[in-house]
Amino acid sequence: MVPSDRYEQAQKEAKKACNKAFAFHNEGNQRKLSMWIRSL
1 MVPSDRYEQA QKEAKKACNK AFAFHNEGNQ RKLSMWIRSL
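Quick note on the UniProt record's numbering: the sequence shown kicks off at 1 and runs consecutively.
Treat each hint with caution, since some may be false.
Claimed, not checked - No farther apart than 20 Å at their CA atoms in a straight line, the calculated lysine to aspartate or glutamate pairs in the DMTMM-like style are these:
#, residue 1, residue 2
1, Lys16, Glu27
2, Lys15, Asp5
3, Lys16, Asp5
4, Lys20, Glu8
5, Lys15, Glu27
To be clear, the hints were calculated from the coordinates, so they are not data collected in a lab.
Please take these sequences and the hints and turn them into a complete structure.
Encoded structure:
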């Protein structure tokens with residue numbers, strides 16, 4: 001079994017990576033959206 005502190009640390013890292021990926025994804029969408037609005 002994995003010690004609970006190691007497990008929590010892994011969860012924290014995963015959450016951080018997920019947030020970073022989500023922020024990156026949102027950034028890309030904002031850029032696409034603004035380009036689309038400009039092209040109207």
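Now for the hints, and whether the structure bears them out:
| no. | hint | result |
| --- | --- | --- |
| 1 | Lys16 with Glu27 | holds, 16 Å |
| 2 | Lys15 with Asp5 | holds, 15 Å |
| 3 | Lys16 with Asp5 | holds, 16 Å |
| 4 | Lys20 with Glu8 | holds, 18 Å |
| 5 | Lys15 with Glu27 | holds, 18 Å |
In the structure shown, no violation is registered for any of the earlier numbered hints.
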